[in-house]
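Chemist: Could you slot chain H onto chain E? The hints should help.
Number of protein chains: 2
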Amino acid sequence: MSYSQRIDRVRQRLGDVDALLVSDLTNIRWLTGFTGSSGWVVLDATGLTLVTDGRYGDQAARQMRDAGVLGEVLVGRTGAATLAHLVDRTAGRSSVGFEAAHVSFQQHATWAKAFSASLAPTAGVVEGERRIKDDGEIELMARACAIADQALAEVAPRLADGLTEAQVRNLLEIRMRELGATGPSYDTIVATGSVNAALPHHRPTDTPIREGDTVIIDVGALVGGYHSDMTRTFVIGEPSPLQRELYELVLAAQVAGVAAVMPGVTGKEVDGVCRGIIADAGYGEWFTHGTGHGVGLLIHEDPYANATSEATLQVGDVVTVEPGVYREGFGGIRVEDLVVVTSAGCRVLTAFPKDSPCLPSPPTT
Amino acid sequence: MSYSQRIDRVRQRLGDVDALLVSDLTNIRWLTGFTGSSGWVVLDATGLTLVTDGRYGDQAARQMRDAGVLGEVLVGRTGAATLAHLVDRTAGRSSVGFEAAHVSFQQHATWAKAFSASLAPTAGVVEGERRIKDDGEIELMARACAIADQALAEVAPRLADGLTEAQVRNLLEIRMRELGATGPSYDTIVATGSVNAALPHHRPTDTPIREGDTVIIDVGALVGGYHSDMTRTFVIGEPSPLQRELYELVLAAQVAGVAAVMPGVTGKEVDGVCRGIIADAGYGEWFTHGTGHGVGLLIHEDPYANATSEATLQVGDVVTVEPGVYREGFGGIRVEDLVVVTSAGCRVLTAFPKDSPCLPSPPTT
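Chains as they are written, first to last, in the working numbering: chain E, 1 to 365; chain H, 1 to 365.
Bound conformation, chain E alone (with noise of 0.2 angstroms):
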């Protein structure tokens, strides 16, 4: 899908309101291809409008042309000159939306009263069209997913070699932009040990992997502005008969929330499908987040799948299925694979092993 078909496909949903005011960076990036950390963009009907700063003026033209999307570039030096482009631009109009979950209380006053048009809250109006991704998104995704999946592959066997937590992150991040990413997806998580592990986002120490620990390590890769997620855990040497059942039962979980990924399908269900495995062998106390996320520009997006989504799945959404089970004193257990909806239900988009939580042999290549 390009460009002009995102802004048309946007432009249907304006509803009510007489032109869109869009200050989230992520949905002015899906839009128009500009990349920049600072910028508003003005679209109606007949056109679109990008406002940013000094810094970015020349880059945003630049983006925007190769997007193949037209419309002006107007630049503001000062935040008074870039309001100013914004209320010209809005001149006359007698409804503008804005976006209420990415506008500040205090940047929405400030609008108020500089506003001619007046200012109305929309929601998800870009969103609703974003998370649903195009054969080009879903293929960088895919690029991520086979970069973290081979970083993961070269550095796993190493987990028994007494490296501690930050150096298996470094190795981790180190071979993924050798590979090609842009970098990591988000700060990438090794967690080890009965304490460090018990915690879903715990940032790398200097804790040394031992034997007999569990190891999580949630890795994910960055191409051209698109996410990777996926978690997988291991244990360093035999396998306790605790950390045998507790893996086998969330391997269990996961497989069937990734079974039951399908369009119509709510993130609610997908979610009561793991937490229910998880909960009836008496387990619930220990799953203490949500089922999956979407993924995409953003490494969670809509769709959400836990115990209060509503979200309903539909073809082209990327999510995470991702149980997990943490208690201090244990550690803690976590199995993610990246998949994206389709019409027969989902694709996985993650490949690394999964089905033991015995280190894997080196790569023969």
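Source of the hints: derived by calculation from the structure; they are not laboratory data.
Wrong hints could be hidden among the right ones.
Said to hold, decoys possible - Beta-carbon label-pair distances, calculated as ranges: (1) E:Asp8 / H:Ala81: 36 to 42 angstroms; (2) H:Glu328 / E:Asp134: 29 to 35 angstroms; (3) E:Ser361 / H:Ser361: 52 to 58 angstroms; (4) H:Glu328 / E:Ser4: 23 to 29 angstroms; (5) E:Pro362 / H:Leu70: 46 to 52 angstroms; (6) H:Ala160 / E:Asp16: 55 to 61 angstroms; (7) H:Leu70 / E:Thr205: 23 to 29 angstroms; (8) H:Ser240 / E:Thr78: 31 to 37 angstroms; (9) H:Gly284 / E:Val348: 51 to 57 angstroms; (10) E:Thr312 / H:Asp135: 36 to 42 angstroms; (11) E:Thr312 / H:Glu285: 50 to 56 angstroms; (12) H:Gly92 / E:Asp134: 48 to 54 angstroms; (13) E:Gly180 / H:Glu328: 50 to 56 angstroms.
To be verified - Pairs of lysine to aspartate or glutamate, DMTMM-like flavour, derived with a Cα cap of 25 angstroms: (14) E:Lys113 / E:Asp24; (15) E:Lys268 / E:Glu238; (16) E:Lys354 / E:Glu129; (17) E:Lys113 / H:Asp66; (18) H:Lys113 / E:Glu310; (19) E:Lys354 / E:Glu238.
Note that the coordinates shown come from a computational prediction; the quantities given were computed from them, not determined experimentally.
Glycine residues also receive a C-beta, built at the ideal position from the N, C-alpha and C atoms.
Modeler: Using the frame of chain E, we list chain H on its own:
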């Protein structure tokens, strides 16, 4: 300064509100030591409560204990449960302050319906204290600067080896990790040639660095959550007369800007010193951004030094001084140091030499 002292200082700024609801995660980290990606703090005259989700309950309790923060941690496993905790915690108060710049229009609307207390917009209550760095924070930033200095000293002599922008970025980021950084302070900028270097915030590409190019390298390290920030510009081979003239102009402006940094001076005045020198030489239109910004737990924070900044510098502010000139067809030149305001003026934290655009010799160690 201890975390308890930080909390007490913020308490003294509460003014008319009975409690402050802190939603900015950087402010929460600075107040409590908590580093998770989801959390809210309620602070009043007698207590502090942190509300987070199921991923972060144990982590929050441990980080607050380690920080010596007395307070309770409440876990909300759904958005509704989190909101209920916040409503309960503020019940009976007549006025609760919220951070107007960090709360979305939508979030405020939800809160306004749910809270019994009246919600009062506040601005910069925590930031007003957070911008002044204590000795421990300055020490972390000095270490981050030293790591970036060292990485650049090792990599810069290789700029004439035909590497691409992305390869230089990778070398710098890997080396900073090896030297003890948590990661890069921001996406490292390596911008070369007459087109890319003309973009102040260019992202590294596969463009090779060639004889005759200017190369802008903007690189910093992250240590203990604190950022460093430095830019140097090199010319590969013998600089042309224009390259030399503009390098000397930018350097003169930058040196004068650093000399202007002292307590009581405004951001606008520092900017004016740099801008005046560049404008007097006839290149005012080529200097397309502000002169500097505060740095700390964020890479961009108060105080700013630009054409409209009324912020008055105080002892303990850490700010960049980074004038530059950019023009498509020529390329760009920027020189940036990170400095901490002292009673005597300022101390420069970044130490990589800046007197010449020519490549340095390899380190002799």
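Chemist: Against each hint, give a clear statement of whether it holds in the structure.
Modeler: Status of each hint after checking the structure:
Restraint check, E:Asp8 to H:Ala81: a C-beta distance of roughly 40 angstroms satisfies the suggested window 36 to 42 angstroms. Against the hinted window of 29 to 35 angstroms, the Cβ-Cβ separation of H:Glu328 and E:Asp134 comes to about 32 angstroms, which satisfies the hint. In this structure the supplied range 52 to 58 angstroms is violated for E:Ser361 paired with H:Ser361, their Cβ-Cβ distance being about 45 angstroms. At roughly 26 angstroms, the beta carbons of H:Glu328 and E:Ser4 sit within the given window of 23 to 29 angstroms.
At about 50 angstroms, the beta-carbon gap between E:Pro362 and H:Leu70 stays in the expected band of 46 to 52 angstroms. Remark: the range hint 55 to 61 angstroms for H:Ala160 to E:Asp16 is upheld by a beta-carbon distance near 60 angstroms. In this structure the hint that H:Leu70 and E:Thr205 lie 23 to 29 angstroms apart at CB holds, the actual value being about 25 angstroms. One distance hint, 31 to 37 angstroms for the beta-carbon pair H:Ser240 and E:Thr78, holds here, with the actual separation near 33 angstroms.
Look at H:Gly284 against E:Val348: about 56 angstroms separates their beta carbons, and that is inside 51 to 57 angstroms. Range check, E:Thr312 to H:Asp135: about 54 angstroms between beta-carbon atoms, so the 36 to 42 angstroms window is missed. Distance hint check: the CB atoms of E:Thr312 and H:Glu285 are about 53 angstroms apart, consistent with the given range 50 to 56 angstroms. The hinted window of 48 to 54 angstroms between H:Gly92 and E:Asp134 holds, with their beta carbons roughly 52 angstroms apart.
Checked against the hint of 50 to 56 angstroms, the pair E:Gly180 and H:Glu328 fails, with Cβ atoms roughly 28 angstroms apart. For the proposed pair E:Lys113 and E:Asp24, the alpha carbon gap of about 21 angstroms is at most 25 angstroms, so the pair holds. For the suggested pair E:Lys268 and E:Glu238, the alpha carbons sit about 36 angstroms apart, so the restraint of at most 25 angstroms is broken. This hinted pair does not check out: E:Lys354 and E:Glu129 have alpha carbons roughly 33 angstroms apart, beyond 25 angstroms.
Taking the CA atoms of E:Lys113 and H:Asp66, the gap is about 45 angstroms. The hint is violated against a cut of 25 angstroms. Distance hint between H:Lys113 and E:Glu310 is fulfilled; the C-alpha atoms sit about 22 angstroms from each other, no more than 25 angstroms. This hinted pair checks out: E:Lys354 and E:Glu238 have alpha carbons roughly 16 angstroms apart, not beyond 25 angstroms.
In the structure shown, a violation is registered for the earlier hints numbered 3, 10, 13, 15, 16, 17, in ascending order.
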